[in-house]
Amino acid sequence: MTTKTLNASVAGSAILPALFAVVLGLGIITLAGHVQASALHDAAHDVRHATGFPCH
Amino acid sequence: MTPLTTCATRPVSPATRTMFSRILTSALFAGAAAGLITALLQLLFVQPVLLHAELYESGELVHFGAEAVSAHPELPGFDAMRDGLSIVFTMLTYTGYALVMVALMSLAERMGHEVNARAGILWGIAGFITFHFAPGLSLAPEVPGVAAADIGARQIWWTATVAAAGVAMWLIAFGGNMVSYLIAAALLIAPHAIGAPEPESFTGPVPTEIGALFAARAFGVGLAAWVLLGAFAGYFWQTERKHADAKA
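In order, the protein sequences belong to chains A and B.
Under the numbering used here, the first residue of the first sequence is numbered 1, with each subsequent residue one higher.
Under the numbering used here, the first residue of the second sequence is numbered 57, with each subsequent residue one higher.
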């Protein structure tokens with residue numbers, strides 16, 4: 001394996017998982033904080049107010 | 057050794073898998089721990105203020121009515137269903153924050169910055185400013201019943217402000233030159249100079265004392281929550297590194 005491909009694979013090993021984790025995290029935040037479906041809104045209501053998300 | 061390039065879909069490398077499981081494990085532990093403590097702090101300090109406001113929202117109490125209203129009404133106690141859901145959703149929300157934070161910590165470490173529980177405190181403060189304080193400066197944490205602009209418009213402004221503040225925090229922490237500090241300042245100021253969506257008129261029935269206390273408590277608990285989250289994230293990130301190194 002050449003040095004170049006090694007570097008590329010090290011870069012991939014750091015950035016891909018980080019990117020995936022960020023997307024997953026933002027998805028969870030959106031679900032818990034922003035989605036207005038009434039079941040979700042009612043369940044997360046108090047948390048949204050206390051955590052500073054726009055609610056209602 | 058088989059050249060990797062011959063595979064049409066290259067399998068995920070062990071290093072990538074290790075890194076991902078390290079991010080995931082640290083974030084889950086940090087998010088669950090900080091989320092649980094935060095949920096308890098919110099139930100203790102924020103929820104009573106919210107329940108008090110709801111008495112005015114529902115009309116059970118009336119501000120500036122014929123008679124003066126006691127500032128100490130009897131509030132509903134612990135509600136297993138309602139407060140249980142709040143605990144679950146607080147843990148979920150903080151796990152979401154933790155995933156973003158730990159992912160960025162992994163990149164910072166790659167850039168040569170040490171990440172541990174102590175540095176995590178600064179990460180936590182930056183996270184608080186990004187996700188809570190920056191949007192809350194113009195869209196103040198609101199009690200139920202306050203007048204507010206359209207929810208969609210506020211969510212767009214909230215998201216844009218959080219994104220701008222997040223980039224600003226990164227530039228302040230890692231930019232290291234005057235230009236990046238100036239860009240960061242502009243990103244922090246711009247959303248508030250433009251202005252958040254505001255209601256047409258004030259119709260909130262809740263006394264201003266309750267609204268002010270709610271905003272103060274929400275920010276206070278939020279700061280404590282984020283400092284805990286940052287410290288836990290830094291701590292577990294270090295611990296998981298030792299595990300990963302031991303396995304390698």
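Do not take every clue at face value.
To be verified - Now the in silico label distances, taken between C-beta atoms and shown as ranges:
| hint | chain 1 | residue 1 | chain 2 | residue 2 | range |
| --- | --- | --- | --- | --- | --- |
| 1 | A | L31 | B | H299 | 25 to 31 Å |
| 2 | B | A124 | A | T30 | 27 to 33 Å |
| 3 | B | K298 | A | L31 | 47 to 53 Å |
| 4 | A | A37 | B | G168 | 40 to 46 Å |
| 5 | B | G121 | A | L31 | 28 to 34 Å |
| 6 | B | R138 | A | I15 | 16 to 22 Å |
| 7 | B | F120 | A | V23 | 44 to 50 Å |
| 8 | B | F120 | A | I15 | 41 to 47 Å |
| 9 | B | P129 | A | A37 | 20 to 26 Å |
| 10 | A | T30 | B | G276 | 23 to 29 Å |
| 11 | B | L92 | A | L31 | 15 to 21 Å |
To be clear, the hints were calculated from the coordinates, so they are not data collected in a lab.
Ideal placement from N, C-alpha and C gives every residue a C-beta, glycine not left out.
Which numbered hints turn out to be false for this structure?
Checked against the structure, the hints that fail are numbers 2, 3, 5, 6, 8, 9, while the rest are satisfied.
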